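Q: Order-wise, the sequence lines are chains B and R. Just so we're aligned: 181 in this note's numbering is position 181 of the first sequence, and the numbers increase by one with no gaps anywhere. Just so we're aligned: 109 in this note's numbering is position 109 of the second sequence, and the numbers increase by one with no gaps anywhere.
To be clear, the hints were calculated from the coordinates, so they are not data collected in a lab. Since the model is a prediction, treat every value here as computed from it, not as a measurement. Errors might be hidden in some of the hints.
[As the list claims (entries may be wrong)] Covered stretches of chain B, as calculated for chain R (at least 3 residues, CB under 8 Å):
#, segment
1, 5 to 14
2, 29 to 41
3, 163 to 176
4, 210 to 217
[Claimed, not checked] Far from chain B, some chain R residues (derived; all Cβ distances over 12 Å):
#, residue
5, LEU30
6, GLY87
7, ARG88
8, GLU91
9, THR93
10, PHE102
11, VAL122
12, ARG156
Don't be surprised by glycine CBs; every beta carbon is placed ideally from N, CA and C.
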Amino acid sequence: MVRRIVLAVLVVGALALLTISFRSPTSGALHDVQGYGATALRPFQVAAERVARPFRDVYGYFSGLASAKSENAKLRTELRDVRRTANANLAAAQRAGELEKLLRFEQGTSYPKDYRNVNTTVTSYPSGPFAQEVTIAAGSSSGIRVNTPIVTADGLVGHVTNVTPDTAQVMLLTDADSSVAARDVSHGVAGLIRHGQGSTLILDRVSKALQVKAGDIIVTQGTVDRRYPDLYPYGIPIGSVLSVGTSDIASYLTVQVTPFAQLDSLDAVAALISTKHR
Amino acid sequence: MNGVDGVKVAVLLFVAAILQVSIFTQVHVLGGVPDLLLVTLVAVSLLRGAIVGAVGGFFAGLLVDTATLGTLGLTSLVLTIAGYWIGRYGETTGRDRGHAPFTSVAVVTVLYSFGLLLVHFVLGERAPAGAIVRGLGPAILMNLIVTAPVYALARRLLRSRSRSDYATEVQLLG
């Protein structure tokens with residue numbers, strides 16, 4: 001009898017928490033209490049992550065050795081191409097700056113100039129196929145807000161969906177609910193980055209009449225219309241096009257994108273805090 | 001169960017919860033992720049019964065939901081029922097049986113996965129049944145691999161129970 005009463009009390013308690021938390025996931029008294037709890041747990045999570053890091057590094061080192069030689073040759077070729085493009089881009093950027101001055105061109109926040117980084121570590125990882133979210137060890141006390149973009153040195157990771165004073169929840173690009181306005185910088189084609197199979201992404205809503213090629217770089221589109229500001233500034237690298245496919249019955253191209261950021265083994269990330277007041 | 005045992009159970013589940021959210025969720029082997037917390041809860045429930053299992057499941061779930069900033073109560077609800085159910089099994093037919101931890105872990109892994117799927121579905125959130133089914137085999141395998149060391153550790157920490165902790169009543173059907 002006692003067992004059943006205990007079970008009933010706990011189940012009712014869990015359902016009550018679930019109801020309150022589900023109705024108000026990012027604000028309210030329960031959210032504040034959760035924030036204090038998350039702050040208290042953060043040191044333990046950071047400690048566990050630090051203890052595990054050497055083991056992860058050793059694993060990464062040996063798994064990297066297997067493909068090091070072929071990757072080195074590929075990267076050398078890539079570096080040569082990137083150097084050539086960078087030189088061309090430098091001249092074009094200077095010219096663009098002069099033209100913007102002449103036109104008194106007004107623009108919103110630009111990446112990375114108008115942003116400061118809050119570097120932090122990932123303390124928890126996606127626990128299953130239900131949601132692709134991670135928790136980071138920095139929150140509103142560091143200037144992070146809901147919708148703050150999160151990046152790594154390689155590219156875009158996602159955006160903040162829930163924040164407490166010392167931790168924040170980040171929705172990854174691979175989450176089913178994630179959708180990012182993106183642009184193919186090589187061909188000027190715009191589309192939406194959504195989750196694809198496994199750890200890949202899809203550039204959706206690209207008309208079959210447009211051209212996209214394998215190897216094209218995809219970046220964030222940024223705000224196109226001031227009335228509808230985008231979460232991300234223009235130019236954060238997202239990934240490169242892996243393959244482009246089409247079928248007779250599909251309305252759009254099937255553009256598979258490999259993300260630059262290693263979304264399945266995130267370690268350190270940076271939150272982009274705008275320094276420009278809108 | 002005395003106070004010292006309670007503290008031991010709390011510490012065991014706390015450490016398992018922290019390790020689970022910070023480390024084990026990143027360990028992908030053959031498409032499966034070992035659930036250290038679930039295995040620890042099964043071990044504790046088998047050794048200490050339904051009440052400890054249910055209470056342990058509730059607070060372990062609360063820790064996970066707090067650490068990941070998830071919906072509070074979601075993991076608690078499923079782990080509470082899992083802990084209670086395995087605790088009852090330990091108090092009755094599973095008592096003193098060598099295969100009980102392995103059987104319990106295999107069954108609970110399936111029920112826990114589908115329990116979470118059901119709660120997500122009821123809440124109107126994403127409930128990818130296909131992904132759950134595909135990952136179930138490797139998940140059971142990974143959980144079974146960690147069962148032996150976790151159960152041995154839990155049994156070492158939580159010494160044998162007194163006679164009074166076992167079920168003293170049997171309900172006859174029919």
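Q: Evaluate each hint against the coordinates.
A: Verification of the hints:
1. 5 to 14: holds (count 6)
2. 29 to 41: Result for this restraint: holds, n = 5.
3. 163 to 176: holds (count 5)
4. 210 to 217: Contact hint for the segment 210 to 217 of chain B vs chain R: violated, 0 residues under 8 Å.
5. LEU30: Since the minimum Cβ distance to chain B is about 14 Å, LEU30/R lies beyond 12 Å and the statement holds.
6. GLY87: The assertion about GLY87/R is violated, with a minimum of 8 Å to chain B.
7. ARG88: violated, 8 Å
8. GLU91: Non-interface label on GLU91/R violated, nearest chain B Cβ at 9 Å vs cutoff 12 Å.
9. THR93: THR93/R is indeed farther than 12 Å from all Cβ atoms of chain B, at 16 Å.
10. PHE102: Label holds. Min Cβ-Cβ 22 Å, cutoff 12 Å.
11. VAL122: Contrary to the label, VAL122/R does not stay out of reach of chain B, its closest Cβ about 10 Å off (not over 12 Å).
12. ARG156: Holds: least Cβ distance 22 Å, greater than 12 Å.
Violated hints for the displayed structure, listed by number in ascending order: 4, 6, 7, 8 and 11.
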